[in-house]
Structure formats: structure tokens, C-alpha cells
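Model the full assembly from the supplied sequences, consistent with the hints where possible.
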Amino acid sequence: ILMSYNSHLMLLYFPFKKLVTSVEDCNKFFLKSETPPNIMKILEGGKILDQNRYKWICQSYKDFKTFVTLYDTQNKIPVFSAAKFNGSTPRRPNIPWMIEPQAGNKDYKTNQGFDRGHLFPSSYGFTDLEKKSTFTLTNIVPQKARFNQVSWNRMEECIKCVLNEYCFNNNGNIEGFVVIGAQPSNNGPNNSLNNRINIPSVLWSAFCCYSHSQNKWLASAHWGNNTDHGPEHLDTKTLGELHADKNNVK
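Residue numbers (our numbering): 1 to 250.
Hints were generated in silico from the structure; no laboratory data involved.
Mixed in with the good hints there might be a few duds.
What the hints assert, rightly or not - Calculated cross-link-like contacts (lysine to aspartate or glutamate; reagent style EDC-like; alpha-carbon spacing at most 20 Å):
hint, residue 1, residue 2
1, K132, D115
2, K109, E34
3, K65, E34
4, K84, E24
5, K65, D128
6, K41, D245
7, K41, D72
8, K160, D128
9, K28, E175
10, K47, E24
This is the structure:
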């Protein structure tokens, strides 16, 4: 009875999403369907260390699974979203945000200077369903407007170009894997929206793919401070540098 009651509460909390107890239910969004990245003190060997706080969400739209999110119910932001990239189309869908009780549009509308920053961007979706599924508050974080619209947007477009241009598998199909995450700020009066939603201090992004034309694997990482005063372009780093610098992503 307790299990049934808790499941019912979770469905109320995430009405548009499919909560899963194991990442194996949606691991196709990771390279070779293997385990997700290790996040220090949160996720190790594909296992969530605090299962009351962190939840796997198989993001979907009209029962079609599109990507996966590890969600932090305490900070009310995603830890990361991961997806398989199969090509992209330019059109941005006109769709209202899918609202869950943990955060509403009012949390962003009453805090000028912050965008609803996608982790997995709609521009990386190939189908309309994939694009629409990204417009959920379980896939966004409060992101400083200039950071989101300038350096972060340029990085997203650059990676998308690489994926579309070079990431073809042995069958001639576009195929790549992306993971985009947020590093939460320490608790403080200026580090949350409405004393509810953590404003992350850093956003990071990583991708890898096999390039049939170059006969090798391609991979890179980017990260930037969530501030309006950062550089206009983010430096390209290796996955090893991401792990060494952030010391929580592996």
C-alpha cells in the first residue's frame, strides 16, 4: 500500500513525465546503452546515492520517449539531461511550457534577468515530438539571460554543426550522444528564485560520436559560469578536462 501511495504522489508531482527507478528503463540515450556519467556524491556506477532526493525521468511526449533527465527534487532543477542526437531541424515549436508543481512560470516571470534555460535544447530535436518534449520545467534551470543568449547559445549551435557534419555511423546515419548538466550554487539568499529554485553556478555540456568519414571518435566538453559578465565564447575542452575542472563529472 505504501509503494502504491508513493507512486501516486510522484505521478501528481510529475504529471507529464515517466518516473523510473532504474536508468536501464531509458538507457538508450547513453553511448552504447551503457551507464550514465558519474556525478560525485549523487550518481555512481549508474546508481543514485540518495533515491529520495534524485529521480530518473524518462522525458516523453505523447508516450514517445525522447531523452532522460536526472532531477534534483530538493534544488528543483535537473542535474543533467542526456539524449541521442539523430539530426536536427531548425523550426522551434510554438508550445506552452509543461508545468510541474515544483516550479511554475511565475518563478521566472517575477525574476527579471533570468531565462528558462534548456539543458537539452529544442534545437537538437529532429522530430516535432522531440522538440516539444524539451519544453518542460524538469529540463530547465534559471540561466542568466546574456549567458544563455550569447556564449551558451553559440556553443550549442557549434556542437550541433559538428554533430550534423561529422557524426555519421557505419550505416550512414547521423548519430551522437550529448549530456548537458548544471552545478547548483551553495545555499544563500541570492542563489535561488523565490527561495525555491536553485540558481546553478555553472552549466556544462559534453558530446561524443563516431565519425565514419574520419574513422575515429570525436568528443569535447564546454562549461561556463552562470553570469552576465562572462566571455562571449566558451573554450572547447576535453572530457578529461571537464572531470578535472569540475571534479564532480566523470
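Quick rundown of the hints versus the structure:
1. Of the supplied pair hints, the one linking K132 and D115 holds, its CA atoms being roughly 18 Å apart against a limit of 20 Å.
2. Restraint check: the Cα-Cα separation between K109 and E34 comes to about 39 Å, which exceeds 20 Å; the hinted pair is violated.
3. Of the pairs offered as hints, the one joining K65 and E34 holds, with about 17 Å between alpha carbons and a cut-off of 20 Å not exceeded.
4. Annotation: proposed proximity of K84 to E24 holds, straight-line Cα distance about 15 Å (limit 20 Å).
5. About 13 Å separates the Cα atoms of K65 and D128, which keeps this hinted pair within 20 Å; it holds.
6. Among the hinted pairs, K41 with D245 is consistent with the structure: their alpha-carbon atoms are about 16 Å apart, no more than 20 Å.
7. For the hint pairing K41 with D72, the CA-to-CA distance comes to about 13 Å; that is within 20 Å, so the pair holds.
8. At roughly 17 Å between alpha-carbon atoms, K160 and D128 fall within 20 Å of each other, so this suggested pair holds.
9. About 12 Å separates the Cα atoms of K28 and E175, which keeps this hinted pair within 20 Å; it holds.
10. Only pairs whose Cα atoms come within 20 Å are accepted, and K47 paired with E24 is accepted, the gap being roughly 10 Å.
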